Amino acid sequence: MLPFTYSRPRNIGEAATAGAQPGTEFIAGGTDLLPLLKEGVRRANRLVDINDLPLGGIRHEAAGVRLGALTRMSDAADDERLRRDYPAVVEALLAGASPQLRNLATVGGNLLQHTRCLYFHDAAMPCNKRQPGSGCPAWDGQNRGNAILGGSRACIATHASDLAVALVALEARVVLGARHGEREVPLADFHRLPGDTPQIETVLEPGEVITAIFVPAAPYSRRSTYVKLRDRASFEWALTSAAAALDLAGDTIRQARVAVGGVATKPWRLPKVEEALAGARADRSIFHAAAELAAQGAEPRQFNAFKVELMKRAIVRALADAGSLA
Amino acid sequence: MPSWSRRVFLLSSASATFLLTAAKRLGFGQRSAAAQPSPAPPPPEAQTAEIALTINGQLQRLRIDLRTTLLDALRNHLGLTGTKKGCDLGQCGACTVLADGRRINACLALAVMQQGKDITTIEGLAKDGEQHPVQAAFIEQDAFQCGYCTPGQIMSAVAFLSEGHEPTDAAIREWMSGNLCRCGAYPNIVEAIKQAAHQSTNHAPLHL
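These protein sequence lines map, in sequence, to chains A and B.
Each residue of the first sequence is one higher than the one before, starting from 0 at the first, in numbering that gives the first Met the number 0.
Each residue of the second sequence is one higher than the one before, starting from 0 at the first, in numbering that gives the first Met the number 0.
What the hints contain is simulated information worked out from the structure, not anything from laboratory work.
A few of these clues could be false.
To be verified - Only pairs whose alpha carbons sit at most 20 Å apart, straight line, appear in this in silico EDC-like list of lysine to aspartate or glutamate: (1) K37(A) with D71(B); (2) K116(B) with D51(A); (3) K37(A) with D87(B); (4) K84(B) with E38(A); (5) K37(A) with D48(A); (6) K116(B) with D48(A); (7) K37(A) with D64(B).
What the hints assert, rightly or not - Far from chain A by the CB rule (all over 10 Å, computed), these chain B residues: (8) L77; (9) K126; (10) C182.
Values in this document were obtained by computation on a predicted structure and should not be read as measured data.
C-beta: ideal position from N, C-alpha, C; glycine also.
Isolated chain B, as found in the complex (with noise of 0.2 Å):
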């Protein structure tokens, strides 16, 4: 008996939605537009690359076509599946990561670009077996339901933290729009911030 884990279901029904996607590229059911003429592709061996990344301060070395974004690295080659794909667009913040500290989309970062950056996922926030302090505020303020944009917003409130914004609710908001939550966990996850800003200005400074 083959054991149906989660991540196996979805794998299959992803491939059934590539097949469809595969169906509609070729034509099927698409409404008609004049067609653009495409560039040439380029020799098969010009579109790969042999590429070296720092994640959570190990180097890891990969061979990627060179149109694999820092995600798709992350999940597909790393294994490192805590980084959630949501929009693929920039729009959502699921994908949110520290590149040198700094927040970014990794489904808007090519990989080949992220090469001798210091990237931090959620995989990496966690030192010695004990939870980042924001983590285990989202677990205390339950500022999540579904739980899958919670990776992002908890790297995205990392990054706020570390860049010294008054921890008000107005800011938090405005600062933390980058991430949307469909469950509308928001109420929460402003506490949960709140609370991290709290400890790191009664205690030690919040690490990385």
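Excised from the complex, chain A in its bound form (with noise of 0.2 Å):
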């Protein structure tokens, strides 16, 4: 770890003039950063410290929950409304992480978490993403947690978050804040794919932050689930996961969201299996039909083709459950 110089501003202001210089690292909960700057894999000459900014607490309004950015992440797990309102929210963040991290971490920084790439996260090798144009080893190597959607030659890294998963499924947006005002971006937006440039990770300007998280309320928010499998039955990245949700009229899909993650550069939607649910039963066979559609366009490496079957078994597994949901 290198040496840096910590300020802790008051206002977004402060903190995004702070936040735009080079060597600067915003840090909030830490639980993503200090592995990272203590392995060499992030270089940083100031840390910038959010925490004092107003950026917490959770807002449920008619039009859907506001969660602030600072939110920790055990704090929204505990949330009764939210539990109840997007079940696929809470299920997602406490299949993230230990309790000990989710005291830590902030629902904004697991957004902007790294990727779990083995090469990423060793500083003696190459990345794209660490150091740009030095290669992607991952490629023809130990691959078996990497990508099968959304890649690129120069990065078939996942995006390892699970909140981010459910979240994408329910059609959240992100506030992101600078120093003149406030936009809006759909979390679906927000992470870029890989493309030639892996080390931009967001549409995030420098000394941009994020302020809040706006979950809308839809018909199907109520009725949705996470489902996340992985090598330990708990604590662990996921090596696929869905989110997943249903609007009932009876037994028939009125519409429905799915999201997978563990599989793909960026929390991956899947638009043509929602749209096979559409106005269809809900029903297994049904489920199944539609899954097989997540797995176009799938370009498996040696060690991880069997998440094109893991990631289509994992959707119907969580269309299920949210369809037996009361």
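Given two chains presented individually in distinct reference frames, assemble the corresponding complex, making use of the accompanying hints.
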């Protein structure tokens, strides 16, 4: 870890000015950043602690729920109304990290966490995301954990967030704050595909911070669920995950929302699967047929081809779970 | 004759490890990857700060390098070595402490960011020479082998009980999943937590 200075601004203007300086990192929970600084994956000479910014709290409104970016994962997971009205969000929060980490980590920071690609985390190896132009050893290397969707020759690192997958399915938006006010971006457009510039992961401008996450209240929000499949039962990254939300009229699906995680370079919404479900009957054979469409365009590498089938099964299970919710 | 305690031995092996690490950092034995430009270091006076931490009810003032984690502040500056360093990356839970009653990984918390919080470490659990019921239950149920993860397990278990979960086997396993035990003492850890939970419902509530 390189030596850094530390500041703790009290308003967004100050934070944005400080954060726009090269070599600066914002820190909130620190659970993603500190290991990266310790391992030399990220290098900073200035830390800007944003915990004094007024960005906490959960506000339920008729139109949806607004989660302040500094809300701790554990506090969001403990919110009774969030659990009742947006169960997929709470399930994703509880499936992510350990209780200790959830007490530190923020919901805003969760969306900005870095990939778990082995090569990104090994500062002695090339990695286009960490060191642009150095190459992607995952392409022909240990790629069991890597993406089958949304990758490029430059990068096949998966996005690691569980929360983001549930939020993308529920059409959440992120509010971004800068010196000159705020803007809102659909979460689905917030993360960028790697393309030739995998080092640029989001649409955040220098100095810009996530101030809040807004989840709209939709007819399918309450009937939503998150399924996470991993190598061990708890405290592990997803091999594959799926968020599903259904709006049912009897046993007919009015509309569906589906997204997957652990398989793609960003939280991955599946519009074709959703279209196939709309108007259909909510039963397993329909779920299976729809899930087949998720794999369109999948490009597995040597060790991650199993994710194609696992992803389909995760989707079927998430849909079946959502369908059986009261 | 110098007396060789376990700690002195560990400290000298740590220096050897440090030399090896330093050699690696200098490029010996390092695989090559294009060097990333490093941002210029700040002036030395901007790299440290005077901070005040409340540890087990006592206000402690110390001057630290800003990179110092709460874990290193406890162990290296305040001599509170009960809190253990395992992975130093938030993966093992050996460093679990309570901050304002909530369990956190001390290795992922910068000391400078913990000012104004009430930090409780394993050293702060026993009151008036009496073991905390969770400590007593761990001993009674033989809930450890080597003991290295135990302070973190106990702090996490204390938090688990105060968080108010139903103490079923499944819930204990899920909510204790941030604490790894390489010896595999898990079955007895689960029993110890169940015993402590039972005591807290039958008798006085557990103090923190």
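So, going through the hints one by one against the coordinates:
1. K37(A) with D71(B): holds (13 Å)
2. K116(B) with D51(A): Cα-Cα ~14 Å, so holds.
3. K37(A) with D87(B): holds (9 Å)
4. K84(B) with E38(A): holds (16 Å)
5. K37(A) with D48(A): holds (17 Å)
6. K116(B) with D48(A): It holds: about 16 Å lies between the C-alpha atoms, which stays within 20 Å.
7. K37(A) with D64(B): holds (14 Å)
8. L77: holds (20 Å)
9. K126: K126(B) is indeed farther than 10 Å from all Cβ atoms of chain A, at 23 Å.
10. C182: At roughly 17 Å from the nearest Cβ of chain A, C182(B) sits farther out than 10 Å, so the non-interface label holds.
Violated hints: none; the structure is consistent with every hint.
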